[in-house]
Structure formats: structure tokens, C-alpha cells
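> Got chain A sorted already, so can you dock chain B onto it with the hints?
These protein sequences, in sequence, are chains A and B. Counted from 1, the first sequence has number 885 at position 886 by numbering that gives the first Met the number 0; the numbering is strictly sequential. Counted from 1, the second sequence has number 458 at position 459 by numbering that gives the first Met the number 0; the numbering is strictly sequential.
Bear in mind the hints are in silico, worked out from the structure with no lab data behind them. Where a beta carbon is used, it is the ideal one built from N, C-alpha and C, also for glycine. Check before you lean on any hint, since a few could be wrong.
Listed below are the simulated PhoX-like cross-link pairs for lysine-lysine, each with C-alpha atoms no more than 20 Å apart in a straight line [claimed, not checked]:
1. B:LYS515 / A:LYS197
2. A:LYS170 / A:LYS199
3. A:LYS805 / A:LYS880
4. A:LYS1146 / A:LYS26
5. A:LYS1364 / B:LYS166
6. A:LYS785 / A:LYS710
A short list of chain A residues far from chain B (calculated; beta carbon distances all over 10 Å) [to be verified]:
7. GLU24
8. GLU59
9. SER69
10. GLY84
11. ASP167
12. GLU215
13. GLY224
14. PHE225
15. PRO268
16. GLN271
17. GLU594
18. ALA631
19. ARG707
20. SER831
21. ASP1228
22. ASP1343
Next come the chains, spelled out residue by residue.
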Amino acid sequence: MRPSDERYFERLESRLDEAFDVAREAKRRGGDPRPEVEIPVAKDMADRVENILGIEGVAERVRELEGEMSREEAALALVDDFVEGTVGDYDTDAGKIEGAVRTAVALLTEGVVAAPIEGIDRVEVNDNDDGTQFVSVYYAGPIRSAGGTAQALSVLVADYARALLGIDEYKARDIEVERYAEEVALYDSETGLQYTPKDKETKFIAENSPICLDGEATGQEEVSGFRDLERVDTNSPRGGMCLVLAEGIALKAPKIQRYTRNLDEVDWPWLQDLIDGTIGKDDGDEAEDAEDTEESEADAEGEAEDAPDDADDEPDGPPRVEPADKFLRDLIAGRPVFGHPSRPGGFRLRYGRARNHGFATAGVHPATMHVLDDFLATGTQIKTERPGKAGGVVPVDSIDGPTVKLANGDVRRIDDPAEALELRNGIVEILDVGEYLVNYGEFIENNHALPPASYVVEWWVQDLEHAGANLQALRDDPHVDLEDPSAEEALAWAEEFDAPLHPKYTPLWHDVSVEQVDALAAAASEGRFVEADGAALAPDTPTADEGDTLVLPRTDALCETLETLLVEHTQGEETVTVPDARPLVASLGLTDDLERTWSLDDLSERARSWPGDDGKAGGNAVEAIGEVAPFAVRERAPTRIGNRMGRPEKSEKREMSPAVHTLFPIGEAGGSQRDVSQAASYTASMRGKAGQISVQVARRECPDCTSRTFKARCPDCRTHTEAVYECHKCEVRAELDESGRALCPRCEGEAEPVQFAEIDLRSELDDALAAVGERPGVYDILKGVKGLTSEHKLPEPIEKGILRAKHGVSSFKDGTVRYDMTDLPVTSVRASELDVSVDQLRGLGYETDMDGDPLRHDDQLVELRVQDIVLSDGAAEHMLKTASFVDALLEQYYGLEPFYDVDDREDLVGELVFGMAPHTSAAVVGRVVGFTSAAVGYAHPYFHAAKRRNCFHPETNLWYEGKDGWEHGSIERFVEKYLDESTADTDDFGTLVSELDGEVRVPSVTENGEPVLKPVEAVSKHVAPDYLVEIETADGRSVTVTPDHEMLVWKAGTTRVRASELSEGDEILARQSVIDQPTDDPLAADGGTTSSEVVRVEIVRSDVDHTYCLTVADTHTVAVEGLLAGNCDGDEDCVMLLMDGLLNFSKSFLPDKRGGQMDAPLVMSSRIDPSEIDDEAHNVDIVDRYPREFYLASRELKDPEEVPIKIAEETLGTDEEYTGFRHTHDTSDIALGPDLSAYKTLGSMMDKMDAQLELARKLKAVDETDVAERVIEGHFLPDLIGNLRAFSRQETRCLDCGEKYRRMPLTGECRECGGRVNLTVHQGSVNKYMDTAIHVADEYDCRDYTKQRLEVLEQSLESVFENDKNKQSGIADFM
Amino acid sequence: MPLETPQRIVAELASRGYNADREAVTLLAGASDPGRALAAALDSLPDDALKLSAAHVRTTLDRGVVPDPETDATSPDVRTDSPTDATSPDVRTDSPTDAPPKPAASGDGDPPVSDATPAQSSTTAGNGTAVETGGSAVGTRSPPPADILGDITGESTGTGEYDEFVKVFRDRYERLSSVLRGRVNHRPTSSLESSPGGEDAAIIGMVNDVRSTASGHWLVELEDTQGVFPCLVMKDKPIAELVDQLLMDEVIAVDGTLSGDGGILFVDSLHFPDVPRTHRPNTADRHVQAALISDVHVGSQEFMGEAWSRFADWLHSPGAESVEYLLIAGDMVEGVGVYPNQDEELSIVDIYEQYEAFSEHLKEVPGDMEIVMIPGNHDAVRLAEPQPGFTEELRDIMSAHDARISGNPSTVTVEGVDVLMYHGVSLDEVIAELPEDKASYDEPHKAMYQLLKKRHVAPQYGGHTRLAPEERDYLVIEDVPDVFHTGHVHKLGWGKYHNVLAINSGCWQEQTDFQKSVNISPDHAYAPILDLDTLNLTVRDFN
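Next comes chain A alone, as it looks inside the complex (with noise of 0.2 Å):
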């Protein structure tokens, strides 16, 4: 570590240890659960393994292996440590295992994620039917996170412990190991495994484990053989069980077998056997296939791609990559396609790194963004051909722009955002989108093959270096612009150096035939040199003296050519005029008289019969031009790579619905706002006294004065209250036992510290106004929560909400106030672009630029250091309220001094914040240092990568299909009409996204109260999949969603709650899902709306999306793939303030369930160490050229690996693995084009597939009756079907109560109420979209096939809805 960096990191700590002294003393003061600070700090992996297990002695003895061995060698080594009660202070042989079991997985997933909390429920030791004893390992679902590896380790760690305390082997009943293989096989089919073992795999693993494999039961379908057996507690299956059995024993024997074979203790021979795929017959296959897996699917590709190399012999062609088209599947409505895979016109790939660019992100220029009329922004995310899945959107102005044809008949490129704003009304086609810039680093992630480098400025000045020109002298050239020369100097270089012609002057040759070269040729031929006119074209063309312009006459086969390869000219009426002509005219071999030197039967048979994409012979010209044209022509852009919208960036404070501003449980007094003041004047009778309520908080007792209280302090003795455990039946007190559970003296029950309490909310309200100084007007709502979840239902004080509501901020689950954003990588920044002065920055230590200058000039780049982060505009605003909250907050409640003292948000420079990933339980330490108006949060990746779980990689992208086949695009067709539902009163799109990859439906209803399908959507798909909550109804219901998925909730309207925040007792709308045979309709949508009681919530591993690991063979491969993908899938993470993390984050709040733990922030790291990170960081290359070497290996479709760039895991570990990150690409400013994605400023749904299908008409390389034919079998046909379906087997609903029935009552009226009784399927919500589809199916020229399906479907609705007898006339009848 540098001297700099070490400065860099003492000044975080010294301002994090300032921040921890006050926070101190005001826990101290206050009522808070705890009289301390309950964010441990960690300086490193072991601190956090520690901290998060809380198991002391780890974190030494961690650091003391790790120097010694790997960390896999290092959990075995920690299991002796155990065994021998050197670590951990454990009396049973069970709690020793346990320990060791759970130190190994923390140590294997770093830390930063809740499986060893919560993926592991306990460890028993049990007895054999010889007598002899056994161990068994209790999973649960969130031991998903851990990864397969970890998984599997956890067992055999568990197993080695067990042979050192000399326990016997677990020897299953043969009905148990049945019952493994059917639970197995259900749990997959029911929720999907990402490998399925065989049934005789899975026996055999159940036979020779030597520990028994248990869990809880996580879903709701039921083993139907091996009920019921003694030694199995539930006859559902154990999805944690599954996971380990599956995905990790199964999967990744061939990785244990390597640590068995250390130890001696430990023998799994049979370990062989599974990795031979000697167990069952084909399992040969599935075994290779699992260890390819990680091989991914880029190799797949890379093969595909040599394919016509290798066909080379025969006609030989261009190096050409296969084109894919996996990311257009499952196209959603309102989000466009920008490029169909492959096609002339899309984007050209681009190889470089910009400074705002890194793992997963894909350079466009931001003309590009306006031009495709803005539904790119900055952050937006992207389904991508190539080289991964996806990648956020970055703004590059130092690549090439679109080309366009304007209606005036100028064809040219855009290069200036301002520019493409002002014409972009005038475009009538896209020609083309310009470039794409990626950087090498993604295809080392991806694993994915070299494709052919377009030929552009970075290559030509290497070639010409190459030739042998001096290029420094003509660097140092001040006359000499080697990026943009004018034609003269081109052609000299070319002539001179016998180099290839520069690019800017080398058109698309390989895009037309050679035909339409020979006809432009002749065309050329009978042309005309003149004058450059001013009115023709770019104002920059210099004026040669016998004239540049080429003046051609006219045809339509000439223009078209002509726009094909990218040359930008004017159409005219008459004429065809073409600015600085000259390399154009050399080019086609004719002289500068414009005389033709060749024929067609000059060219070789080669150059003739040279094949274009399609294989077409003759089909690419640009061997013909390397003939006829007097210097060498390069390919200009032999790789295009289609994508399309995937979605928009995201940037908005995170709020529970309705929003919370104090945890204090007030029930239904508050009505469905949870008003605080509302409840303290509510009375429940007549005679019953005002803000008189019955709510379930603690039970506490002060240890001084032994009075009772509900709080965290004693009001009178301000000491700390402790809880108190009673027996709700005996109303006996119990003590708490070692093993931490209170059992009733008396009865044996568990003993509980809550209470189910009357407060008097009035006078704890107005305690609480005059405790902090304020009176009953400073806010207009004061919002408090129906119940606490929490374990202890230990209340916040009030005086906390008061002061959020008064300062406009609204509390997480945990206490902590929280702003969304998503990430985006920046490795170098200007203080201009920050909108900070370059003062600012010299005193957050930083004080050389890039190139070690002294750092002087607000447009100097320097280079981010790995902690500081920029917050978008919006971030900032919200953290600003933050702090003045947390002000207030420190000086009217705990009597302190302010910290913060923020007049602007220019103040928050410098200061600290927490970042978090989703689903991880540790937060990152980072350090504000500007703001942008993107809105995205840009840091460093290695800050990104910090707060990322990095032990799992996100297969999860890739798991598109739901269960029974359906892919989970129809997941997101579902989310569409999520979407339109709620276009009606919000466009914030963004928020509703969360991605559920699997068939998940949720259901709602519309403003008026009539009910629609509402499915879910999908959030990032790399952040969701470890968990999904499984919410339970009381009716039985089940639905599984992610937990950022907005389920709506029942409160005097529909309001939108996070799945994860769900609580028990909410009133979801509820939907029967009921799933068909996949014979059937795509979309098993179904049933009525109505609102149903929660009555469990829980976390459950995600799998609902793994079919299609099943589905397709090489889930792996996809899976390693899928890394990419994830890491720019838009992981949504979240920032919040660092004093308000410290002073208000209490364990206590989190809800007492599975996976209530996640997201929150039991862990901080203050510093990050690069080798801890997530590995996807570490592919970032950090150089700021790639040779001419890389240049000509993308030609051969090399594999990345061959080429040497550096990438920033050479630096590890060294002195410089905090610095050094180039960049071959500068852009202006990170935050250029449009700050907001069309897909969030547009209104309806309906106005944004307008706009979709709108962009796809102008789109050159857009099939928009592809992407019509997408829309229609994605969206309106699955919602008709769906629906119509719905319709007819549909629930009803009392309108006066809201009771449901399954089918109408006999007598027609509520049985309960006698109310009236309504469907919950209209005919409204079934045919909503039929006009607009058989609409579409027009306009757009769709197949027969799909428009058939459209006339069916409106029969059946004729014939569902109308009468034969009195049919509806239409105005056809009367004309």
C-alpha cells in the first residue's frame, strides 16, 4: 500500500471513529434498543466473518491461517480449533460442529452474506438404528447464497469435525434415502434446482453421506411415497437439504474430492464414483455437463465462431461471429430493440475502456442516446448480444455517433448530443447507431472469444507506426489532427507509408456487393468534381482547390449504397453530392479524372465470390476495394452487436409503502396510513378513552426500580430495561437457558418477551413532541407501523419519527433511512463534472491528476480512490435531509452536538455514507465526493465489487424460464401489464421492477376496484435470485416473488409493498395461481382478485427460475456467463448517511423471520481490500492502449486470454492495487445525454410501445414486424389468453365484505353478509388489449399465424360475451 493510500484510508477511519464517538455517547443517552452502537466495524475478511457469526477468537486465528493456506484449508484447519475448543466456546459435540460449520461457510462467502446465519439452522447429533450416533446439519433456504462450493464444503467440514469427536457415520434408513430422491425430484420440479441429479445419484449421495442431510421444510407441495418417517420432521421438502445435496454434493464433487484427499481423517471414496458418472446410466453426460458448466456458454459461442475459420478451405470468407439472439427473447412491450442481432446498422463493437466504464457496462455515444429518441440513458440497462447478457448504459462522446438520414436527403453522422436533439425530429431512418465501446475486461468475464475489431483511429495509428512512420513527430505536429485528418493527408499517409487508409475516410465496404461497388464505381465514373458548396454538407469540409465534392446523378440503387456504407452525402432531387470525396473516388479505383480503371472481370475469382454475412458469394466488397484501391482497406466494422432495452437505471429513496417514519406499532388505529396522530385520538368505544390502543410490544422490566415498561429505557429510571420471559399460559416467568430459549418453569412451553400491552398513545405522542421541542404542526403525517415483526417488539422511541417527518425522510425496516441507486463503474473524474471545485477535491486528498500533475484545473482527470462515490442529484437531495434529520435528531433528542451541519448538499462532500448491496448483510464504508446528474451512482468498481456477495455468481441471469417450461419472459409480459395497471396514477416504472424468474403472479386491481392479472417483474436478476420470499395467505395461498417485488397491499386502495417487507398480517390482494399443464396456455394466470390476510412471510431460496437450467442442458455454462450479466444487471444498491446508520440501525428492529437479516447492515467494512472483492473487479483492464497485437488476434476470433492487456488482478496484493486504473477512452462528462430514460418520462404503456414500435420503423437493423410479432406473442397475447382464461374459472367477491368464494354461491348472494356478490374478472380486463393487438398485427405486417390467434381469440370473446340471440351491431350493419 502506497503511502497516499494509507492517508487515504487513516482519514476515512479517523472520520468514521469521530462519527463512532458521538454515536457512542448518544446510544448512551438514548432509548434505543441497545445503549450501543450495533454496527460492528470490520477492517478486513476475518473481522466480518467474525462480526457476523459472533463467534469471538475467529477473526484471529483466521488471519492467522491466511497467510498459511487457502480459505477452503483454512475452514478445515479452523474445525480442529473447534473440536478442541481453542475457538468458540461450545459444550456439546452439536455446538462444536455447528460452530466449525457455520465459520466455514462465513469464511468461504467472506462474510458479507447471511447464509451462515441463516442458511444453517442447527446441528444435532442423533442416533442410529445401531445404536451408534449420528450428526445432522439442519439447512435452510438462504444456504443458497453460499454458492455450491461452499455448500458442499459445509458438510464435509461437518464431517470432519465429527470424525475428530469420534462420532459414528450417518447410516440412512433405506425409506430415507428414497425419500432424498423424491424429495429431490420435487423440489426441483416445484421450484428447480440448477442441476438436477438423477435419482440414483441422489440415492447414492444419501447412502454414503456420512452426515445426514437435514432441513426445514420450505415448500408447500408435499412428498407423496416416504410420508411421514420417524426420522424426516416434515413431509415437504427441504429446500436447503436439496441445495446441498444438489447443487453443491452432486455438482461440485469433483471440487470437494480435492480437500478429502488432504485429510486423513475424512474419506469419501465414493466421491469418485459420483465424478465418474458410474452412477446411473446417462449420468455420464449430466456429470460432464455439470463440470463444463463453469466452461460457459461463451465457449459454446467461441466454437460456433471458429466454425467458419475452420470452413476456411473451401470458400474462404471474413472472420465472423455467429449472430445470437437469446437476448431478444422474451421482449417486453415499451422497450425498444436497438439492434436485431448482428444487422448492418447496429452498433459496431468498439474496444476500449472509458473511464466510466468497467464490468458489465456497454460506451454509447450519447448523440446515440438522443437519437435513439432517449430511451438510453445513463444506467439504463441493456440485454446485449455480446459478449454477455446484459450491461449497463454509459455516456462515450470519444466514440463514433449515429448515422441518420434526414428528411432533407442529408445522410450524415452525429458526433454532438446538441446536434442529434436538434435534428432529431427531422430523422426518417437510422442508418446506423454508431459505436459500442467495450472493454477487454468483459470478454475475459464473459470468457467470450475476440470478435473482429472494427478497424478505427487507435488501430490505423499503430498500423501507421507499424509501416514505419514517425508517429511522435507527427504527434508533435501541431497541424496534425491523427484523429480526424483531412482527405489529403489520409490518402498521402496511405500512399506514403503503404498503410491502410485512415478510418475516418474507410466506408462500410464489407456491408455491400461487390455489384453495388462495381455500379458505384460506374456511377463515380460519371460524375463530377466540384466546388465544395456550403450548402451541401459538413461545414468542415475543406475547400481543395479543383474542388472535393463529387457530384453523382441520382438513382435509388446509388443512395442506397451509398447509406449502406456510411458515407455520408446529400440526396437531392436530381443529384447525389458527396463532401471530400477523394479517398472515396481511390477507393473505387479510379483515377483523380474519375477515370475507371478496372472491370468486374479484372477482380480475382477471390475478391469476386468474397462472401458477405448472409454467405451470400460476392456478397462483401471489401476484398473487391482492396484490389481496385491503391492502399490496403480494412473491414471498417465487421462485428455488430444487437441489444435491446432491458431496464431503465434506477435512482429514488427506498420507502415501505405506506411510508414509515417511526417503528412504533400503533395497529389499525391509524387507519390504512398508520397515522400516528389519528391513532392517538382514536377510540375504540364509546366509553373508551382517546388514544387508548392494544398493540403487541415487549415485555421489559427495569433492573433498578423493577417496573414494567414496553421501552428500552425506564421512563423513570433512564436505565436500560431487560426482557422479561413469561409463559403466555402460565403468566409464569421463565430465565433465559444457555442455548438462549426461555422455557415456562411450569409447562415446558416457550416462555415469550412480549406482551400484548394497552398504551396511551396520546400522552407517549405528546411526551414524545415535548421531549424533542416540537409541536404538532412540524410535519404533516407522522406515520407508524400496523405491528413490529421484530422478535422483541421493541419499539423505537416516537421522538425519532417525529423529527423524520419533519425533516422528510421515512425509515427501512431497520431504522435506517436509504436511497436506491444503480451501480455504475468510474475509474477517473473531473472535479467539473462532480460539481465540485477542484479546491474541494485537494482537500479530500487528492492532489495529483491523473499523470501526476499537481492537480490545478476543474477539468483535470484524477483518479477516484476506491471509497468515494458520486451521488446522483437526487441521492443527494435525499441525503441532505438525512443529515439535517440526523442533526436534529442528535441535538433534540440525545442532547449532542450537530455533526453534520449542512446548509447545501455542497457540504456532504467528504462525508462518509454506507453502501449495500442487496441481500448481503454487510455495508461498505465510502466517502462522498461530487454529484451527477445521471441517475445512477457512479464509484469505483472495486467499491461496487466490495458490496457484492461475491461467492455466488449470479446464474440466476440466466434462468429465464419459469416453471413448466415458461420462460420467465412471460414473467416480464406479466410485469407489462403490471406496469400499464399502474401507468394510470404513477410512472415510476423503475420502482415496480423486480425480477422474478420464475412464474410469479401477483395480483391487484385497478383504481376502481376491478380486477386485473398482475404479475411480477423482475429485478436485477443477479440480485434477486438468492432469496425470493414466499408469502402465505390465510386462505392457503402461496405466492413466491423477489423481495424487492412490489406486492400491493390492501389499504383503503391498493398500495405497493416490498415483498420483503411484507408483514404478517398485511392485506395482500391475493390471486389464485393455479398452474396448468404446459400444454396449455403460456400464461396460467388466474382467478379473481381479493384480499387476503398474510400469514407467513418467508425467505425462501429463489429457484422458480432454474427450470431452465433443466431445460437446457449447459445450465453452467450459462451460469458462468451469467456472471457478466449480473454484475451490470442492474444491481440496484443502496446508499444510506453514516451517522444515521449508526444512531438509528438496531438489530432489534429486523423482523424475526428467515432472511430478515439480509439487507441490513450487521457488518461494516472500512476499508476494502481488492483480494477480498468480488472477482469480477479484479477482469477490469487498466491500461490505456491495447496493441496492435489485440487488433490482429480479434481477427483470428482469439480467446481474450492470449492477449496481454493488464487487468487489475496483476496489482493484487502489490503496492499498487489501489491505483494505476487507465483508461483508453475519455468522455466528456459521465453524466452526457439524456438523464432519464424515455421508458420512465413516458406516460402509459401504451405510449411507450408506441414509441417503440415507432423507433423500430426507423431503425435500419430493427425488424419491426419481428419486434411487432415479439410484442404481441410477449404481451397482448399472453393477457388475453390469461385473462379470458381467468374468466372462466374465476373466484368471486362480496363487494360488501370481501368475502371470496371459489365458485358463485347457490344463492347468488354472500353467505356471510348477504352483501352482493361480484365476478372479479371483467369482461373489461379480458379484452383490453384486443383492438390494440389486432391493431398492431396490421400496422405491422405480422404472420398469418399471429393474427389467426388474434381472430380466435376475439371470437371466443364474441362468443363469451355477446349474445347469439342479440348480437351488439356494429356500424358495419348499417352501412
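Only chain B this time, still in chain A's reference frame:
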């Protein structure tokens, strides 16, 4: 088993409210098929009799038991074995279901049953000779047209309103409860609610819910037009196993005792509307035959065009001259958009061309045959049942041979024989919901027995089957048909249930990829030929 049988007979008798002599029981137990014998004996018992006497049993046994359903396919001229050969055990197991409700006989497959088979088969064996003795000229058919009842086509008045749904279910309740009315003395649920309890009571109700209680008993909630009432079926009662056979929304009757507080009914016996055992099917008064097929699936890549042509050619042959009717129970074509990415598996992607192709194939059959078709779930009509026949446009395309097109379901009367044609979507559900021995894909006719027993072609609402509300419930089997003809599951199976011939014809489509993936092997290219004069069935194999 032998020891048990008398006990079961007594129990069975008791459950039906009869007493019996010891000797009568012994006689019954000694019969080759006690179940059937008992049923026959009871059927012939005078209505006012309460006690079954030995004499009575004897006369019944002497008369011979009711004809056995199977064995019809054994006629010597059948070219290949049909999948369900009459002598194979699986057909034999039909017999137990013949006499429900009768817990004693079901599930045991006891020897007496199989013993009975050969003896009874003599009653019908040797009938299938007409084909051989044929030889008269071709093309001389002149079948009188079929009568069609219960056709929704053009009669669909539903507009998707709540009230219409209510009306349909009420209609179902009214019509099916009238079938049950004679068996129990129904008391409205509202009067039960106000009853003091303790006395005997009976309810006819629509099944609203079936739950198991914590102690393993069954709680069946029955609904009538007044409300709902919980009925408890104790798990140790023999009728408990009938609970497994219940589907939601079917109409049943229960008899039992009200609990002390009047809040629940303890069920002693449970009755389905059922087909009366005494049902005597109508037959044609001349020798004439009908081919009952379904699931042609023209347009699918798997459609078996050549097999179809062989079938059509055979119809032209002298051997088939008495086959004057062709009944097609749905899925003429493969359709469009029936499942995702279906276009990739279509040989004809255009739906109209599919019907045109079907029409061409239909032209291959003799023009003087009388043809009746109903739509299925692959056809271009609404999926919700009842499904109306095709639109004018499609009828024009399928004008070949002037085929009659009717809705699904429809009762088609040919030569006096009532054939209930129903495509069979609900069979999936029946098979999924009921125990394997009651209904399975391998024996689709057993699932059909269940529908006959419930007297409704698609009882369960809200699940697989879709319902379009109409003026009345077209899906109720109000009049007992002579033949019940379905398709949909692509399996061949037939048998007799209380003398009603249930036949699920196979298909004309080879195994699809989907079927392969779920391990279903369809029975394709079989043409079941029904003798309308004897209701004997011959299956012809055109593979």
C-alpha cells in the same frame, strides 16, 4: 377374502338400508361375482321390500347376472390386438366399478370377479360376425340423419355476467338434485341450521369444499340454494373412501345424523346421482354401425395422414358397408396458439388451411355416411365449455359430405341410440384428482365412468376446465345416454358402466414431443366401430 365377503355384503346391504337372511348372504357370497349379484338382486327387489330373502337371491342368480361390459372387442376379425384386449386383466377390473357405491368390491380385484368374466362373456361373445358376412355392394348407405340435443351452437346467450354464473350452478343443482331426490329426504341447509340436533337428516348438495380434519376425518361442505352445511365423514367408515372420489361442485346426497348441537351432519351414506343399474340401453332395430373417432389433429406434423387414408379406404370396402355413421369428438385440427411456440410443430401453420386440409381428408370417407362433429380444445372456437360449433366461415370450409356440426357437448341420437359426445377436457382433471384405480390415462373409460356417476361431464369449477356461463348448465347429463363418447386424452379405452358404453377413442396423431417428454404414448389410428344394434364394439387398427 372369502371370510370377508359375507361381512361386506351385510355391510353393503345395511348401508343401503336393507336387511337380509343369512342364507341370502351366503348365496350372494358364493356367487361368481357377489358384487354384481347383489346389485342385481337389489335391483329386482320390489320397492317396498326391506329384507332380501334367499328366494329372491336365488331367482336373481338363476336369471343370470347383468351382461358383462367387456369382451366386446374379441370378435375374431379384428386385425390386431387392441391395446385393451378384452381378456387382459385391466379390462376385467372394470367390473368392480360396476356396482358402486360398494366399498366391499372395489380395490381388491378379488378372484370371484375374474372368475365371473368368462362365464358372462358368453352372453355377448360371437356377435361381431356381421363384418365377415358382409359383401354387399359399396355406397348404398342411406342413414337417416342424427337427432341432436343439447347443442349450444347459436344458442349462446351468456354475456359474462355474474348472475349467469349463478344461474348455471343453480340449474346444475336443480337438475341433479332431482335425480337424487328419490333416494334421500332432503332438508334444506337453512332448516338444518336451526335444528336442535341429534336427529337423522339428509342433504342433497353441491360439494363446496372437502377438507381433512386434524384427526383424519373428512369434512365435506355441501351447498344448496339456502346455504352450506358441514358434513363429517368418519375415516373408519367404509364410505370414507368415496370421499376420495369427490370432485368440487358435483352434486351428491348424504344421509346421516345431526350432531347434538345441530352444527354438523355425521354421514352414514353417500349417494351419487349415478346411472341407474336398471338402465337398459336403446339399440338400433337394424344392423348398422358407427365409427367413433376423435382427435384427428390435421395440421400437426404428427398427423397420421396415411393411417387416415387406410381408415377411409376401409370404409369404402365391403366389410364396412354397414358403418353408416362417423362421429368425431373434437380436435379436427391441431389449431394455432394452443401452446407456446406451437408454430414450430405445425405442418400447416394457417388455421384456415388446416380446416381445408381436414375437409380434404374428410372427403376421403364415403360420401353417403352421416357425419357428426363437435369441437375440441384445439379447434378454433372458444375454449370455455359448452363450446359452440364452428363459425360460418369454418363450416363453409368443412362442407364436405354435408357433415353435421354441433357443440361440445351434444347428445347425438343415431338409429335410436343416444350417444353423448363430449371432447373430454375434464378427463385430465378427473384423472389428476381421483385415485389411480378410479381413473388413469391408461384406462380413460374409468374416468368416464366417474363422469357418468356424477351425471355431469365437467363438474369441477375453477380448475382445469373452463366454464362459460349460459342460460342453463349444458354440461349436466340429464338423460342417461346409451353411449358416452369422448377423446382428448389420446388413449383408447372402453367399457360398460351400468350398461352405458363409455368409449374414449384414441387419436390420429403420433406421439408429440411434449407427450414424449411426459412419457405419454398415445393410442393412435384405431377406429372403434360400434354396432348400433347390439352396442358391441370392434376396434380396428389402421397403424
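> For each hint, tell me whether it holds in the structure or not.
Hint-by-hint comparison with the structure:
1. B:LYS515 / A:LYS197: holds (18 Å)
2. A:LYS170 / A:LYS199: Between LYS170 (chain A) and LYS199 (chain A) the Cα gap is close to 17 Å, so the pair holds against 20 Å.
3. A:LYS805 / A:LYS880: Distance ~10 Å between LYS805 (chain A) and LYS880 (chain A) Cα, so the pair holds.
4. A:LYS1146 / A:LYS26: Given pair LYS1146 (chain A), LYS26 (chain A) holds - Cα atoms ~14 Å apart, limit 20 Å.
5. A:LYS1364 / B:LYS166: holds (18 Å)
6. A:LYS785 / A:LYS710: Distance ~17 Å between LYS785 (chain A) and LYS710 (chain A) Cα, so the pair holds.
7. GLU24: holds (56 Å)
8. GLU59: The claim holds: GLU59 (chain A) sits with its nearest Cβ about 53 Å from chain B, beyond 10 Å.
9. SER69: Since the minimum Cβ distance to chain B is about 43 Å, SER69 (chain A) lies beyond 10 Å and the statement holds.
10. GLY84: holds (46 Å)
11. ASP167: holds (37 Å)
12. GLU215: Label holds. Min Cβ-Cβ 22 Å, cutoff 10 Å.
13. GLY224: Given that every Cβ of chain B is farther than 10 Å from that of GLY224 (chain A), nearest at about 13 Å, it holds.
14. PHE225: Label holds. Min Cβ-Cβ 17 Å, cutoff 10 Å.
15. PRO268: holds (35 Å)
16. GLN271: holds (32 Å)
17. GLU594: holds (55 Å)
18. ALA631: holds (46 Å)
19. ARG707: Correct as stated: the minimum Cβ-Cβ distance to chain B is 37 Å, above 10 Å.
20. SER831: holds (53 Å)
21. ASP1228: Fine: 45 Å to the nearest Cβ keeps ASP1228 (chain A) off the interface.
22. ASP1343: violated (6 Å)
Checked against the numbered hints given earlier, the structure breaks only hint 22 and satisfies all the rest.
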